[in-house]
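S.K.: Taking the hints into account, I'd like the entire structure generated from these sequences.
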Amino acid sequence: MKKQLLAQPLKSVLSISVIALSALAVPQVQADTTSTNYPGLMCQPHDPKSALYAYGTFTDIYSNELPGNSLGMNCSIPRDKVDKQLNSVTVIVSDSDASLTDPNPNNSGTFCHTHNETLNAGSIDYAFGPYANTYNANGLYNAVTVAGPGVPVSPTSNFNLHCHIGVNASLHNYTANVRR
Amino acid sequence: MKQNQIFIVIVIGVLAIAGAFGLGWKYGLRSESSPVVPNVLASTLLNAQKNPQEDRRFEEMRRELEQMRGKLGLLEEQQRGIQANTSKMEVPANVSDNANPADSEALRAQEAQQVEAKQKFFKDAFQGEPTDPKWGQKAQTSLQEYYASAAEKGVSVIDTECHSTMCRVKLSVDQAGPKGQKQLMDTMNKRTPWPGYRNVHLDTTTGEVTMYMSREGSTLPDWQSDSAGEEMTH
Numbered sequence: 002m003k004k005q006l007l008a009q010p011l012k013s014v015l016s017i018s019v020i021a022l023s024a025l026a027v028p029q030v031q032a033d034t035t036s037t038n039y040p041g042l043m044c045q046p047h048d049p050k051s052a053l054y055a056y057g058t059f060t061d062i063y064s065n066e067l068p069g070n071s072l073g074m075n076c077s078i079p080r081d082k083v084d085k086q087l088n089s090v091t092v093i094v095s096d097s098d099a100s101l102t103d104p105n106p107n108n109s110g111t112f113c114h115t116h117n118e119t120l121n122a123g124s125i126d127y128a129f130g131p132y133a134n135t136y137n138a139n140g141l142y143n144a145v146t147v148a149g150p151g152v153p154v155s156p157t158s159n160f161n162l163h164c165h166i167g168v169n170a171s172l173h174n175y176t177a178n179v180r181r
Numbered sequence: 002m003k004q005n006q007i008f009i010v011i012v013i014g015v016l017a018i019a020g021a022f023g024l025g026w027k028y029g030l031r032s033e034s035s036p037v038v039p040n041v042l043a044s045t046l047l048n049a050q051k052n053p054q055e056d057r058r059f060e061e062m063r064r065e066l067e068q069m070r071g072k073l074g075l076l077e078e079q080q081r082g083i084q085a086n087t088s089k090m091e092v093p094a095n096v097s098d099n100a101n102p103a104d105s106e107a108l109r110a111q112e113a114q115q116v117e118a119k120q121k122f123f124k125d126a127f128q129g130e131p132t133d134p135k136w137g138q139k140a141q142t143s144l145q146e147y148y149a150s151a152a153e154k155g156v157s158v159i160d161t162e163c164h165s166t167m168c169r170v171k172l173s174v175d176q177a178g179p180k181g182q183k184q185l186m187d188t189m190n191k192r193t194p195w196p197g198y199r200n201v202h203l204d205t206t207t208g209e210v211t212m213y214m215s216r217e218g219s220t221l222p223d224w225q226s227d228s229a230g231e232e233m234t235h
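Sequence order for the protein chains is E and F. So the first sequence is numbered by this note's numbering: it starts at 2 and just counts up by one. So the second sequence is numbered by this note's numbering: it starts at 2 and just counts up by one.
Check the hints yourself; a few may be wrong.
[Stated by the list, open to error] Among the chain E residues that face chain F by a calculated CB cut under 8 angstroms, a handful are: (1) ASN70; (2) GLY73; (3) SER77; (4) PHE112; (5) ALA122; (6) GLY123; (7) ASP126; (8) ALA128; (9) PHE129; (10) PRO131; (11) TYR132; (12) ASN139; (13) GLY140; (14) PRO153; (15) PRO156.
[To be verified] Each pair of labels, with its calculated beta carbon distance range: (16) F:PRO131 x E:ASN65: 45 to 55 angstroms; (17) F:GLU146 x E:SER77: 26 to 36 angstroms; (18) E:ASP81 x F:ASP175: 29 to 39 angstroms; (19) E:ASP33 x F:LYS139: 21 to 31 angstroms; (20) E:TYR142 x F:LYS135: 23 to 33 angstroms.
These are computed hints drawn from the structure, not numbers from a lab. By construction, the Cβ of each residue, glycine as well, lies at the ideal position given by its N, Cα and C atoms.
M.R.: Structural data, given as structure tokens:
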């Protein structure tokens with residue numbers, strides 16, 4: 002009787018173990034996304050005027066712009082790292098331009114978007130992803146996910162991340178997530 | 002009694018010699034079948050009979066050797082896997098500077114066709130889209146006002162029109178060269194009235210700009226899926 006009483010739970014445990022091991026044995030669907038991380042200094046102010054308001058540490062790029070303005074910059078995403086399509090970019094920023102009592106991201110001076118630029122004979126085509134605002138993180142590092150431009154890579158196109166950061170904000174690093 | 006003792010000694014001696022030969026043969030043969038095992042091992046084995054320390058050392062060496070064999074097997078398997086995958090990989094399009102000029106010419110011609118097809122695709126998609134008067138009117142006014150103020154010097158708004166999931170904005174740049182391109186980019190890099198996907202086409206000969214922008218939460222029609230088979234991406 003005792004044996005039977007013990008055997009039943011043991012069987013159940015054994016069955017669960019077998020199922021769990023079988024599930025582990027099934028090959029997992031491989032993610033088709035790979036990520037490359039770049040330091041903030043891969044971003045460069047896109048005009049000489051705003052360059053005057055930017056300075057960098059060994060990883061970050063900072064804006065000491067005047068309030069009401071923002072530092073616009075292009076962040077390189079080497080094409081050889083993008084096999085098919087730029088899915089999204091995760092940007093780590095420290096945004097302290099808004100007042101501590103204003104958590105509305107729409108009022109933040111920091112926003113980013115991706116774009117793809119294709120040079121053709123006689124024309125240029127640009128594809129922009131929707132911009133993403135950052136939240137007022139009160140000087141703390143904060144991640145914002147920016148959608149890709151929605152077009153695949155071509156032999157004559159370049160990918161870019163474009164960000165504006167407000168006064169006293171900094172861009173620490175960004176990670177390009179690409180479809181392979 | 003003496004004869005019995007002598008017999009036992011002889012038997013033990015014969016067994017010892019046979020055992021030594023047996024072991025020597027076993028490890029000697031293994032050393033011949035595998036280049037990884039040095040021939041020294043056989044003699045080490047024989048000598049190990051004499052010294053317990055050497056015996057332990059031999060055992061350690063044997064274990065290390067087995068581990069190395071295992072690792073070698075794994076490496077060989079990995080190499081076979083890599084070779085199999087490499088042979089399956091597609092060869093990317095040659096777009097390097099060393100590409101054949103004829104190929105480059107063909108590529109440019111293909112690109113020009115694609116650009117034209119893409120513009121036609123967006124034009125048809127926009128014109129074929131039903132209108133949402135409530136959203137469309139509001140979005141149209143919003144874009145008109147936004148680009149009238151946000152456009153950089155040298156960039157002018159010509160027309161804005163919105164349907165149900167996308168808008169079309171026509172702009173022009175005074176200078177179609179690099180200066181005009183920069184002015185256009187500076188305009189386009191600003192925060193738009195809503196977050197939407199945009200497709201912008203600049204005709205560098207005329208300075209005409211056509212932009213299609215998606216409604217918030219929508220995407221632009223996928224022109225690549227429409228031109229399946231003509232895809233130039235790799």
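S.K.: Each hint: holds or not?
M.R.: These are the hints, each one checked on the structure:
1. ASN70: Hint violated; E:ASN70 Cβ to chain F Cβ min 12 angstroms, cut 8 angstroms.
2. GLY73: This interface hint holds because 6 angstroms falls under the 8 angstroms limit.
3. SER77: violated, 15 angstroms
4. PHE112: This hint holds: E:PHE112 lies near chain F, its Cβ roughly 5 angstroms from the closest one there, short of 8 angstroms.
5. ALA122: Holds, about 6 angstroms.
6. GLY123: holds, 5 angstroms
7. ASP126: holds, 5 angstroms
8. ALA128: holds, 5 angstroms
9. PHE129: With Cβ-Cβ at 4 angstroms, under 8 angstroms, it holds.
10. PRO131: This hint holds: E:PRO131 lies near chain F, its Cβ roughly 3 angstroms from the closest one there, short of 8 angstroms.
11. TYR132: Result: holds, 5 angstroms to nearest chain F Cβ.
12. ASN139: violated, 21 angstroms
13. GLY140: violated, 22 angstroms
14. PRO153: Holds, because the Cβ-Cβ distance from E:PRO153 to chain F comes to roughly 4 angstroms (cut-off 8 angstroms).
15. PRO156: It holds, given that the least Cβ distance between E:PRO156 and chain F is near 4 angstroms, below 8 angstroms.
16. F:PRO131 x E:ASN65: 45 to 55 angstroms: holds, 49 angstroms
17. F:GLU146 x E:SER77: 26 to 36 angstroms: holds, 34 angstroms
18. E:ASP81 x F:ASP175: 29 to 39 angstroms: The hinted range 29 to 39 angstroms holds for E:ASP81 and F:ASP175, with Cβ atoms some 36 angstroms apart.
19. E:ASP33 x F:LYS139: 21 to 31 angstroms: violated, 39 angstroms
20. E:TYR142 x F:LYS135: 23 to 33 angstroms: Since E:TYR142 and F:LYS135 have Cβ atoms about 41 angstroms apart, the given range 23 to 33 angstroms is violated.
Consistency note: the structure conflicts with the earlier hints numbered 1, 3, 12, 13, 19 and 20.
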